[in-house]
Structure formats: structure tokens, C-alpha cells
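Engineer: Residues per chain are reported as follows:
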Amino acid sequence: MTTRRGTVFRTLITNPVSILALIWLAIVIIGMLIVIPLISRYSPTEQDLAATLQLPSAAHLLGTDSLGRDILARLAWGSRVTITGVVIVAVIANVIGATMGLIAGHFRSGLDATFTAFADMLQSIPALVVLLSVAAVTSRNVTVVMVVLGVLMSAGAYRVFRASTLNIRGELFITAARTSGLREGQIMVRHELPRLLGQLVIQSSIIASLAIVVQVGLGFLGIDAAPPNPSWGGMIKEASTSIYTNIWPLIPTSAVVVLTILAFSTLGDVAQRAVLGRRRHNGLSRAKISRSVAKTAARASGATVSATQVASTAASAGAAAGAINPMLVISDLTVSVPKDGSSVKLVSNVSLTLLPGEVVGLVGESGAGKSVTARAALGILPAGATATGSVVLDGQEVLGASEQTLQKLRGSKIAYIAQEPMAALNPAYRVGNQLIEIVRTHQKLSRKAARQRAIQLLETVQIKNTEHVLKAYPHQISGGMAQRIVIAIALSGDPDVIVADEPTTALDVSAQMQILDLLRTLQKERDLAVLLVTHDWGVVADLCDRGIAMYAGEIVEEAEVAPLFAHPRHPYSMALRASDPHAQKRGGRLHSIPGVVPPPGTWPSGCRFADRCGFATDACREQAVPLELIEDRHAVRCIRVDEIVVEIEELRHESVTGERTAVRAEAVEHDALERVTREQAAADSAAVESAAVERVTIERVSVD
Amino acid sequence: MTEPLLTEPQLTEPLLTEPLLRVTDLAVDYKRRRTVARVVENVSFDIVEGETLGLVGESGSGKSTIGNVVLGLVPAAAGAVIFDGEDITHASPKRRRELTSDIQVVFQDPYGSLNPARSIGATLAESLVASDATLTRKEVTARVHESLDTVGMVASVAQRFPTEFSGGQRQRIAIARALIVRPRLVVCDEAVSALDLSIQAQVLNLLDRLRRERSLSYLFISHDIAVIGHLSDHIAVLDRGRIVETGTTAEVIDHPQDAYTRLLLAAAPVPDPAAQKKRREAFRTQRAEYLASTGAVTGLVSTTRL
Numbered sequence: 001m002t003t004r005r006g007t008v009f010r011t012l013i014t015n016p017v018s019i020l021a022l023i024w025l026a027i028v029i030i031g032m033l034i035v036i037p038l039i040s041r042y043s044p045t046e047q048d049l050a051a052t053l054q055l056p057s058a059a060h061l062l063g064t065d066s067l068g069r070d071i072l073a074r075l076a077w078g079s080r081v082t083i084t085g086v087v088i089v090a091v092i093a094n095v096i097g098a099t100m101g102l103i104a105g106h107f108r109s110g111l112d113a114t115f116t117a118f119a120d121m122l123q124s125i126p127a128l129v130v131l132l133s134v135a136a137v138t139s140r141n142v143t144v145v146m147v148v149l150g151v152l153m154s155a156g157a158y159r160v161f162r163a164s165t166l167n168i169r170g171e172l173f174i175t176a177a178r179t180s181g182l183r184e185g186q187i188m189v190r191h192e193l194p195r196l197l198g199q200l201v202i203q204s205s206i207i208a209s210l211a212i213v214v215q216v217g218l219g220f221l222g223i224d225a226a227p228p229n230p231s232w233g234g235m236i237k238e239a240s241t242s243i244y245t246n247i248w249p250l251i252p253t254s255a256v257v258v259l260t261i262l263a264f265s266t267l268g269d270v271a272q273r274a275v276l277g278r279r280r281h282n283g284l285s286r287a288k289i290s291r292s293v294a295k296t297a298a299r300a301s302g303a304t305v306s307a308t309q310v311a312s313t314a315a316s317a318g319a320a321a322g323a324i325n326p327m328l329v330i331s332d333l334t335v336s337v338p339k340d341g342s343s344v345k346l347v348s349n350v351s352l353t354l355l356p357g358e359v360v361g362l363v364g365e366s367g368a369g370k371s372v373t374a375r376a377a378l379g380i381l382p383a384g385a386t387a388t389g390s391v392v393l394d395g396q397e398v399l400g401a402s403e404q405t406l407q408k409l410r411g412s413k414i415a416y417i418a419q420e421p422m423a424a425l426n427p428a429y430r431v432g433n434q435l436i437e438i439v440r441t442h443q444k445l446s447r448k449a450a451r452q453r454a455i456q457l458l459e460t461v462q463i464k465n466t467e468h469v470l471k472a473y474p475h476q477i478s479g480g481m482a483q484r485i486v487i488a489i490a491l492s493g494d495p496d497v498i499v500a501d502e503p504t505t506a507l508d509v510s511a512q513m514q515i516l517d518l519l520r521t522l523q524k525e526r527d528l529a530v531l532l533v534t535h536d537w538g539v540v541a542d543l544c545d546r547g548i549a550m551y552a553g554e555i556v557e558e559a560e561v562a563p564l565f566a567h568p569r570h571p572y573s574m575a576l577r578a579s580d581p582h583a584q585k586r587g588g589r590l591h592s593i594p595g596v597v598p599p600p601g602t603w604p605s606g607c608r609f610a611d612r613c614g615f616a617t618d619a620c621r622e623q624a625v626p627l628e629l630i631e632d633r634h635a636v637r638c639i640r641v642d643e644i645v646v647e648i649e650e651l652r653h654e655s656v657t658g659e660r661t662a663v664r665a666e667a668v669e670h671d672a673l674e675r676v677t678r679e680q681a682a683a684d685s686a687a688v689e690s691a692a693v694e695r696v697t698i699e700r701v702s703v704d
Numbered sequence: 001m002t003e004p005l006l007t008e009p010q011l012t013e014p015l016l017t018e019p020l021l022r023v024t025d026l027a028v029d030y031k032r033r034r035t036v037a038r039v040v041e042n043v044s045f046d047i048v049e050g051e052t053l054g055l056v057g058e059s060g061s062g063k064s065t066i067g068n069v070v071l072g073l074v075p076a077a078a079g080a081v082i083f084d085g086e087d088i089t090h091a092s093p094k095r096r097r098e099l100t101s102d103i104q105v106v107f108q109d110p111y112g113s114l115n116p117a118r119s120i121g122a123t124l125a126e127s128l129v130a131s132d133a134t135l136t137r138k139e140v141t142a143r144v145h146e147s148l149d150t151v152g153m154v155a156s157v158a159q160r161f162p163t164e165f166s167g168g169q170r171q172r173i174a175i176a177r178a179l180i181v182r183p184r185l186v187v188c189d190e191a192v193s194a195l196d197l198s199i200q201a202q203v204l205n206l207l208d209r210l211r212r213e214r215s216l217s218y219l220f221i222s223h224d225i226a227v228i229g230h231l232s233d234h235i236a237v238l239d240r241g242r243i244v245e246t247g248t249t250a251e252v253i254d255h256p257q258d259a260y261t262r263l264l265l266a267a268a269p270v271p272d273p274a275a276q277k278k279r280r281e282a283f284r285t286q287r288a289e290y291l292a293s294t295g296a297v298t299g300l301v302s303t304t305r306l
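Quick mapping for you: the protein sequence lines, in order, are chains G and C. Residues in the first sequence are numbered from 1 upward in steps of one, following UniProt numbering. Residues in the second sequence are numbered from 1 upward in steps of one, following UniProt numbering.
A couple of the hints might just be wrong.
[What the hints assert, rightly or not] Derived SDA-like pairs (lysine to any residue); straight-line CA-CA distance at most 25 Å:
#1 Lys138/C to Ser119/C
#2 Lys277/C to Arg526/G
#3 Lys345/G to Ile380/G
#4 Lys345/G to Thr163/C
#5 Lys31/C to Thr175/G
#6 Lys31/C to Asp527/G
#7 Lys345/G to Glu622/G
#8 Lys585/G to Asp642/G
#9 Lys345/G to Gly595/G
#10 Lys31/C to Thr116/G
#11 Lys94/C to Glu622/G
#12 Lys339/G to Tyr111/C
#13 Lys94/C to Tyr111/C
#14 Lys585/G to Pro604/G
#15 Lys94/C to Asp132/C
#16 Lys524/G to Lys31/C
#17 Lys277/C to His634/G
#18 Lys524/G to Glu281/C
Bear in mind the hints are in silico, worked out from the structure with no lab data behind them. Note that the structure is a prediction, hence the values are computed from the model and not measured.
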């Protein structure tokens, strides 16, 4: 339950409910506590027996009580007792609770056990009895009573702060601070305490509202301000004595008390939601994707391929001629998110086709729009995003389809495998129970039969000791095993298409190899169509029939794997492949692509890769570059595509005849890519300027 | 772009040259409730000043644990960690804090390792002030800017917050934080593993340049032997808490002796469909061989590890 400083405060001053609460508290604190006592014509104890129990009038705005005293004046003066009491309780409870919670959570060990035992003890004490005794012993000293109440209430606060600290101390930046040489005290004050501030707001509000209840209660019992001095509790008691003759004095008094309590607890609620709202629920939402029920009967008669789909038409030309209906057709897909009043494109005019049983790799750096495109295939868009174009899954339009239709498609027609397998599994349940539950949403099976089916699924993903795995909790299994289980879940509805979003990126190379092997086997056995998102050309080489390179929200090259690897034609494809550390010779500088992908909203109007391209000329920057077929089933978005071939050939020739004979020809090719390498610093500073936009986009994209 | 090739790794005589870091017979235990598991056993290696040792193994092999022992984050159950002639295995917390100006770290996760609520400048300055409290505010600012400059970032970055940067940029910042105190040894714990491959190359180049400029030593920890090969002079291969092979980078990568090393080598996919097909087959063969030779069950070999 950690939060970034500011989030909670920002929510409190923007949420309409909490604004009302804050306004009320401002009225109580500024108006009653300060202003009214200064300007009021009446003293709170001034009696006017000629004007008792009056209704509101110009002279007495809230009427008078049974002794003819002005109710508004008494409420205002009485607020002193209450507000002082609340402040004492909140400060003491929070200071003790936060300090001890922070210390216990940070150091754990013996201190933790001692403090927690102390908190247990405080919470087991009957508070009211103690408060009454204290009041009796101190002859109704309200301050002392409130101090004791603060101490008693610190136990609850302690638990909350301790739990929050336990969470924060596990974060990597705390370890980083330690390896930076910070003392434990410094780590607590600088790194942990600021992250408890949100919690502090919540606790203060909760404690304050409780403290008012207790305080007014004590006042009602006569244990606060000595009569005739006013207090809220005392006023309620006085008003209640005349309740049968005139109910009026009770109304403004209790209204003020109730509203103040309500205001504090509302603030606490809103703050709590602000803190909780920041926690992501990936696990649940991702698991839901594959949980759909019936098999869809909708097998429409194949989608017509739109003219805009130059690349995909090319790639699937042969297939289309053979009248094979594509499994998935994305045409002219543009996804935008609103930002600062305008809309920012995350993906622009993407078209691709996936045939039955075909594996297509969508490759590019982070920020290229690969995941946005792939998820659109399941009808999932980033929060608040709008999409134009169409996504047709086995004849059925996905964009704009009802949630019910999507639910039917997901799982039984199309399934999703996410990068982080652990996030797709609920840590609180055994693997077996999760798997069985999902099996039963697909098929009406008895629990026993569903268990059999779960075991079958685990065997499908080559897990051998299935009984053992079924009983395990997600934290007890390795990442590779977790990914196998996620794949089993994806297969549970017997889908035709699998969207795998970086399925092996979070794994070791060795586990990756095995997961790729598994995916290949399953794909062949079940003739699955797979859309594979990756930044790793090696994964494409391993698994795919066709590769699509994306850059800054658009497709830059599309071809079958063999020509794509043998003769990549777009400078980005070349550079991306050349910069893979796995492919490079040891010794010497590694080839890399300078700079970063321009974030959405900052894409240049000409070629989007031009600023990082070693072959770019002024012409490249002039206007948007179309995706064009350069040969059968090979499309490239580059106006210099033919010239570049010649340039590379020349460079290679030079090097062979020249002094650089020792340098391999490929290396020269890479050198050409880095020729116009700008200084890294310059590239970075440019990137920093646009980073704010990127931040918004990254957050948006990763939220769902 | 004809930068000089890296000098061939020099075979140093451990007996003649005092290593910067010497780890001998290290063992580490993890206690879980009542059971004790030995996760690292009998690990010994040297890192000479200016050299890089690559520590490679699967997740669970204990490689990060070894890094954490060197950093003082995890206690050693047996053996010794000797830094520049001083036994720091059981150094006091005070001595440990002093050592942070000599031994620094770059973690894997560039998103988690920077406190999102603190500006980049504050994070960097904090590290520096902790190592030398006598610096004036002006000196601290100058050093912050200098260290950002070293990693190729402009000074204005100091006023910004971590969320404004991409993974690769954050990793540069993490490197700047490690280097601002001018350490002699940097533990790079999967420092590039979370980055895009194209960005990995950028960061590896940066680490390589900094090493040459400052004669830094790295303990470079990764699961990816191909990545390790680019930066390391020596490589130690770790399998289930034990070192199964050590040697110069050329020896280990070009002439692997151990079946497990060969398996790791075959596991990283190469961006070439034909070559990758061969690797895949090699991986299967190696796996069978390794299984036969050890009868061991690891994540790499068995699909049934829990």
C-alpha cells in the first residue's frame, strides 16, 4: 500500500465529495473556532431568560437554548473543546503509531515482536472504562483524557503503518539506498516516511472521526467542559433534557456534530480509495481474458481484404488465392488516447493478416506500439483509448463489439499469454484450483472431471508431476513453470488464435528456449495461429513464419522470415538485428541504435525513423513515407530502399579492397548504420524533452 | 567507427598480483522457517583491478546471492570476502557504509531501483553525501552534473523524476548513481536483462567505456552468457550454487568444457533462422548429455522443477 507523494492530496482537492468535506471542516475550524467568537454579539454563557428555546431569528441565527443562550455562539465556543481534543488524539495516536510502526516494520526482529505485543495489549483494554477512570482520577481533566485516548488509539494506527512499511522496505530502491551508504535512520526518514504520508492522511481522518464520537460521548456524560462553559457533548445533553418541550436546540447541535464526523470519515474514505486505486489488478484482468464460456458459432464467410493492406495482402497473396480465410485481419487500425485536450496516436494505420496455423512475429523496441496492436486483436484497448479501422477475428468484428461477444471470443477463439506469468496467476489460490475454475467456465463439468481435464492440460504443456503442481501456490513455482501454466490456461478453451505478448522476455534464456519449444510443438499439434510480440529477433528466427517490424506506431517492414533475415531492407530492421548482442562478435564496440524511439505525440511528419537512421537524407524528412511492396510478399516503408542496397554494396566493396579488409562485410553494414550517429548526449537530451509525453503514454498503456 | 578492439584478457598471476576482490570458499544459507537450505557452496574467485568477471547461471543458481554477499546485503555462512586485502566478510555496519564508496551496484530493475518520489538529482546527491559529508552544496551539484554527463545525460535531468524516463535511460541514471562516489568495484546484477536488446547494446557500450576510462572492476551477473561475453575478461559458470567452470571469456565461450556451460551457450537465440535451428538441435543434444552426465534436475533440464 505505497503511494506516491501528492497523489492522495491531489485526489482530496479534486474529488467533489472530499471537497464538500473540506469546505465543511473549513467552516468549522475557521468559522466556528476563530471568526464567530471574534464577531459574535453574544457570550456563550450569557443568559436571556426572556428568550428561551427560540427558533432561528435575525437576532439568534440558530435560536436559543433552555436558558436563552445563543446556540451559534455556544457551538462556536464549544468547538474549542472538541477540536482541541481531536487534535490531541490524532497527533498522539499518529506520532506513536507511525514512529513505532516505521521502526517495527523497518527493523522487524525483536522490536517488532515487542511493539506488536504492546499494541495487542492496548487494543485489549476496554477503552471507555479506562477513560472514565482517568476522568475520575484527574477530576475531569479533558486534556489528560484525550491524551490517554490518543495512546489507546495508537495501536490501530501502529498496525497500519507497520504493514505499509513492511511493503515499502521490500522495494528495490530501499536496497539501492542501503548500497549507497545511507544509514538505516536516513533510509527510514527519507525514503520510507514520505511514502507513509498518504496513510497518515487516512489514519488522521479515521482517528479524528472516532475521537469526536468519544469526545461528544464523554461530554454527554458530563466529562468535559464544566458547566456553564459550552461543549458539543454538553450541549447535546442539555438539549436532550428539553426534547419533549422543544426539539429545536438538538437539531443544529447534532447536525454540526454529525456533519463534522461525516466530513472526517469521508476524507478518510476518499484518501483510502486514492491509495488503493493505484494498485494494479493485472492478475485478475488478465486471467479474465481467457475465461469465457461458450464456443462461438459465428463462423462468417471470411473477411474481404481491404486495399489498404498492402503488406498483408502481399504476404498472404498466395494463401488468399488458395481461398484460405484468414483467422485475423487487422485493417487500418489507429489507436489514440486523449491527452491534454487533444488526442495522441499510439498506433497508426496498422494492417496485418494472420492465416490459420501461421506464426507472425511483431517485433520492435518498447514504445513501437506492438502490444497495443496485439491486444486490439482481443478487443482490449488502453484505458480511455479510441480506435478506428477494423479488427476481424474469424469473420467477426472485434472493435466495438459488445462485452458479451468479446467474452465469447476470448478463450474459445482467441487467447492471450502475457509477459509476466506470475501476474496472471492469483497468489492466494493453489494452481490447481485456478485451473479447475477456468476449465469449468468453459465446460459444464463436475469438479472431478474438471480436475482430470486440468491434469490433461498440464500434460499438454509438458508438466510431468501434475499432482504436485496442482497443489502448489504460484510463489512456489519457477517462472518457466508459471508460464507453462499460463499457456495451459490459454489452451483451456481450445482457441484458434493465440496472442503471445513477450511470452519469454521475463524468463532466463534457458527457460525461454523451453517455452519456445513448447509453443512450437503446441502450434504444430493444434495448428494454432500465433501473433507473437517480441523485441528479440532471435525469438522471431526461432518460431515465426513471417515477421513484421514496427517502429513508432507503424509497420516499417513485413516479409517472410527467410528473406527478412537474409535481406532486411528497412534500415530499422537492419539496425535492430545488428544491435542484438547475441549476434555480435566479441571484442570492440557493440553496434547499437543511437537514441530512443520517439514517444507517441512526437512522431515526425516524415519518416519516423529518420533521426536515428544512418541513411537518412533531407527527402526522408519531407513527407510521410508509404509502405510499399518491393517484391512479392515483402513490403518496406522507406523511400531510399533501392539506393541503400547500392550504398551498402559500395561500402562493402571499399572495405574489401581497402585497408579494412580484416573487417567483416557485415560489420561494415552496421557501421553504415551508425555513420551519422549523433552524440549520445544529444540524443538523450532530445529524448528527455519528450519524456513527459512518454510517461503519460506508458502509464496509460500499462494500466489495463 | 574503428574503435580499438578490446585488449585480450590478460592472464594475471593471482600469486603475484593482489586481487581487488577475492572470494574464497563462500557458502550461503537461506533459512526458511525451520529448514536451512545451502544455496551457494564452495565458491571462489578473484577479480583483479580493472577486470570484469562474468558470473553466469540460471535463476536460482545463486549468482545474485553471491553479488549480495559482496555488497553486504546477505551474510555468508562460510568462507571469506576479501576486498583490497581487507576481510570484509563480517564487516561492521559502520565499515560497510564506508565501503559503499568503493563497492557499488547496478540492479536489474530500472523501474524499482529509483525512488519515484525523489528527483534524479536528490537520489544522486544522497549517494554522494553519504560517502563524504564534507562536500559543499556546490561541489555536490557539480559532481551530480558530472556523473550525469559521464552516462551521456544532460544536467537538466537532475530536476526530473524517474517516471519521466524510459528503461534504458533509467539504467543510465542508476549507473550514474553507482559511479558518482567513484567506486573501484561495481556489481552489475542483471544490469541489462530488463532492457530491449537494442538498448542492451547501448548500455553495455556505456559500461565498457566507463570501465576503460576509470579502470573499474565489474562483477557482472547475468543469465545470458552471450551478453556476459561482451564485457567479461573471465567467466565463472554457476550451476545450483557451485561453480562448474571458470576461465577466460574465450576459453569458456569458444571451448566450453562443462556440459552445463554448453547448454547455456545453446540457449540464447540468435537472429538467424538457419543458425537458430542448429542451436535448437544442439540445445536438445546438450540437454540430454547434461542429464546423462549429472542426473541432476534443474530448471534447465527438467520441465518439472517446482
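Engineer: Taking the hints in turn, state whether each one holds.
Structural biologist: Against the structure, the hints:
1. For the proposed pair Lys138/C and Ser119/C, the alpha carbon gap of about 17 Å is at most 25 Å, so the pair holds.
2. Between Lys277/C and Arg526/G the alpha-carbon distance is near 21 Å, which keeps this suggested pair within the 25 Å criterion.
3. Distance restraint check for Lys345/G and Ile380/G: the Cα-Cα separation of roughly 16 Å lies within the 25 Å cut-off, and the hinted pair is therefore satisfied.
4. Taken as a hint, the Lys345/G and Thr163/C pair is honoured in the structure, with Cα atoms around 20 Å apart against an allowance of 25 Å.
5. Under the criterion of a C-alpha separation no larger than 25 Å, the hint pairing Lys31/C with Thr175/G is consistent with the structure, at around 20 Å.
6. Of the supplied pair hints, the one linking Lys31/C and Asp527/G is violated, its CA atoms being roughly 47 Å apart against a limit of 25 Å.
7. Annotation: proposed proximity of Lys345/G to Glu622/G holds, straight-line Cα distance about 20 Å (limit 25 Å).
8. Between Lys585/G and Asp642/G the alpha-carbon distance is near 28 Å, which puts this suggested pair outside the 25 Å criterion.
9. Between Lys345/G and Gly595/G the CA atoms are separated by roughly 21 Å; this keeps the pair inside 25 Å, and the hint holds.
10. Distance restraint check for Lys31/C and Thr116/G: the Cα-Cα separation of roughly 23 Å lies within the 25 Å cut-off, and the hinted pair is therefore satisfied.
11. As the CA atoms of Lys94/C and Glu622/G are separated by approximately 61 Å, the hinted pair breaks the 25 Å bound.
12. Of the pairs offered as hints, the one joining Lys339/G and Tyr111/C holds, with about 23 Å between alpha carbons and a cut-off of 25 Å not exceeded.
13. Restraint check for Lys94/C and Tyr111/C: the C-alpha separation of about 29 Å exceeds 25 Å, so the hint is violated.
14. Annotation: proposed proximity of Lys585/G to Pro604/G is violated, straight-line Cα distance about 34 Å (limit 25 Å).
15. Straight-line distance between C-alpha atoms of Lys94/C and Asp132/C comes to about 14 Å, which keeps the hinted pair within the 25 Å bound.
16. Straight-line distance between C-alpha atoms of Lys524/G and Lys31/C comes to about 44 Å, which puts the hinted pair past the 25 Å bound.
17. Restraint check for Lys277/C and His634/G: the C-alpha separation of about 23 Å stays at or below 25 Å, so the hint holds.
18. Distance restraint check for Lys524/G and Glu281/C: the Cα-Cα separation of roughly 17 Å lies within the 25 Å cut-off, and the hinted pair is therefore satisfied.
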